[in-house]
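The chain contents come next:
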Amino acid sequence: MELIKIDDYRWEVPKSGQMRVPGIIYAGDSMIDSIKQEEAVKQVANVATLPGIIRASLAMPDIHWGYGFPIGGVAAFDWGTGIISPGGVGYDINCGVRLAGTSLTGKDVKEKLEDLINSLYQNIPSGVGSTGNIKLAYSEEKKVLKEGSKWALRHGMAKESDIEHTEDFGCMPNADPETVSDKALERGLRQLGTLGSGNHFLEIGLVDKIYDPDVARVFGLFEGQITVMLHSGSRGLGYQICDDFLAHMAKNIKKLGFEIPDRQLACAMIQSSDGTRYFNAMACAANYAWANRQILMHKASEVFLRVLGIGPKDLGMNLVYDVCHNIAKKEMHVVDGKSRILCVHRKGATRAFPPGHESVCEKYRSVGQPVLVPGDMGRSSYVLVGTENAMKETFGSTCHGAGRVLSRTAALKKSKGRSIQRELEDKGIYVRWTGRSTLGEEMPEAYKNVSEVVNIVHEAGISRKVAKLKPMAVLKG
Amino acid sequence: MKYKTIDHTADLGIEVFGSGLADLFENAACAMFDLLTDAGNLQPLCETSVAVTGEDRPDLMANWLRELLYLWTGKSLLVKSTKIISLSEYTLTAYVYYEPFVAGRHIIKTEIKAVTYHQIMVEPEAKSWKARIIFDV
Chain A
1 MELIKIDDYR
11 WEVPKSGQMR
21 VPGIIYAGDS
31 MIDSIKQEEA
41 VKQVANVATL
51 PGIIRASLAM
61 PDIHWGYGFP
71 IGGVAAFDWG
81 TGIISPGGVG
91 YDINCGVRLA
101 GTSLTGKDVK
111 EKLEDLINSL
121 YQNIPSGVGS
131 TGNIKLAYSE
141 EKKVLKEGSK
151 WALRHGMAKE
161 SDIEHTEDFG
171 CMPNADPETV
181 SDKALERGLR
191 QLGTLGSGNH
201 FLEIGLVDKI
211 YDPDVARVFG
221 LFEGQITVML
231 HSGSRGLGYQ
241 ICDDFLAHMA
251 KNIKKLGFEI
261 PDRQLACAMI
271 QSSDGTRYFN
281 AMACAANYAW
291 ANRQILMHKA
301 SEVFLRVLGI
311 GPKDLGMNLV
321 YDVCHNIAKK
331 EMHVVDGKSR
341 ILCVHRKGAT
351 RAFPPGHESV
361 CEKYRSVGQP
371 VLVPGDMGRS
381 SYVLVGTENA
391 MKETFGSTCH
401 GAGRVLSRTA
411 ALKKSKGRSI
421 QRELEDKGIY
431 VRWTGRSTLG
441 EEMPEAYKNV
451 SEVVNIVHEA
461 GISRKVAKLK
471 PMAVLKG
Chain W
1 MKYKTIDHTA
11 DLGIEVFGSG
21 LADLFENAAC
31 AMFDLLTDAG
41 NLQPLCETSV
51 AVTGEDRPDL
61 MANWLRELLY
71 LWTGKSLLVK
81 STKIISLSEY
91 TLTAYVYYEP
101 FVAGRHIIKT
111 EIKAVTYHQI
121 MVEPEAKSWK
131 ARIIFDV
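These protein sequence lines map, in sequence, to chains A and W.
Going by this note's numbering, the first sequence opens with residue 1, and the numbers climb by one from there.
Going by this note's numbering, the second sequence opens with residue 1, and the numbers climb by one from there.
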């Protein structure tokens, strides 16, 4: 596919064939060759063919090929005349990241770091098909699907400020459990409060560098501070909801009267029964994911209190923010000078709303929304802040992570004969994991350098660097 | 096992072969569970039947594997083998032989999260059939 350089940070996929709008990929010169080698550019073009798409089919610098839509893709569709697509959200609905700060500094945990990660390993269910110690009845599960983080609050596993500091306040109000299949409900019964496998993790980190002291202060971050970051989603429930609707929409796609270039792009008009049902079922999975991450963070805080033998006041664990990076949202954006309601799909992309936006909680409204960008387990992660430029260019969106460069098989091959655990421990990073091949598959070299990704979005102005974190101990699924 | 794995950046795929279409569908089921667990270690302790429909052969393949994957993801059952009873371009019924997962006895090698339509293919070759399926792992 042809790519035209727009400036140092953006490349255009010119409109051709059935494309309704052009594609725009945010990437630097050093990344573009590897992006071109993948199918991802074609996927950006494929998304541009879908009805109701506004302005452009966008991709963030952590783009890599996904199913139908590329990972790192952002696409907005007119709420009245556009489509909604399960493939544009992804299987792990509301896969996301949360970050908590503490009152502790590196020296407070240094001696206890190994005990902490061992205890987290014992107390946070993780790995393939892991089940937690919360067993739900169907009626209670439906309450989780309706309430999201507030369910955790009602059960003593959250503070009011946790809800404030969660995107959408931890609840999409359109959630309708009646749109969720029995299969999906069954998968959700035993997985609340579990981390999952693959790239999901819980990490004890340290604030290594502050780029923007004023914003960092508002977010409650300071240099040398101990943080807890976790990455998880809606588990089997979200997968099943995506799969159910994908199969159903693929079956009905011919009735819509337009061709899709890839069956995985199966979609429905937003203003149709299928579209509404998917949006409301997706919201259920989103709410389940928020409750899940809230419970996981609560469990982690209990481990800190017990292992360090301190009280909640001394620990001072406060949620900085929780973002989702696989989601479709109903949002208001200005298009050609006019306010329009859009359905913004972010698949492996993070909302990055600017200062003053009404969806940003009061505490952060003067500076903008926190954006959390985790890297691999050996390098660093970033806290960014949303910008006005993101509203203008990317429907208020930015990158979500590093993105893989090696396949799982290639990573395993590369890690053969090496002890990834020891290599990380030599760098002062303790790691614990569950899956047999997780550590090899998830080795740092399997990922792009997140700093390169973050530098692009910073330079392009679609979010701004606030702080860099470095890992100290990592629990992998 | 009549399949080989294909390497993808973020995921895992298989190419499956069969002497006929029924054989192909049975082999695809075995291949998926071979990726998931140590299939040689499974016993056909229990039996159930499954019926699926599809818009065409690739859709039927995706729906067939989806249904079997749910036996694992939803009910913790591991499929040893399948026997196709009837098969057309749009429908399939089969017996499924499985055993319930027992922690400690069964190893889970890979968590297969979903069967995707990505690059899915079911096609005849000179004297046999071939399919390609990519899994989200």
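By construction, these hints were calculated from the structure, which means they are not laboratory data.
Don't be surprised by glycine CBs; every beta carbon is placed ideally from N, CA and C.
A hint or two may mislead.
Take a look, some chain A residues computed to stay more than 10 Å from chain W by CB distance [said to hold, decoys possible]:
| # | residue |
| --- | --- |
| 1 | Ile24 |
| 2 | Glu114 |
| 3 | Asp115 |
| 4 | Gly311 |
Pairs of lysine to aspartate or glutamate, EDC-like flavour, derived with a Cα cap of 20 Å [as the list claims (entries may be wrong)]:
| # | chain 1 | residue 1 | chain 2 | residue 2 |
| --- | --- | --- | --- | --- |
| 5 | A | Lys251 | W | Glu55 |
| 6 | A | Lys36 | W | Asp7 |
| 7 | A | Lys209 | A | Asp108 |
For each hint, the structure was consulted:
no.: 1; hint: Ile24; result: holds, 22 Å
no.: 2; hint: Glu114; result: holds, 27 Å
no.: 3; hint: Asp115; result: holds, 26 Å
no.: 4; hint: Gly311; result: holds, 37 Å
no.: 5; hint: A:Lys251 to W:Glu55; result: holds, 6 Å
no.: 6; hint: A:Lys36 to W:Asp7; result: holds, 18 Å
no.: 7; hint: A:Lys209 to A:Asp108; result: holds, 18 Å
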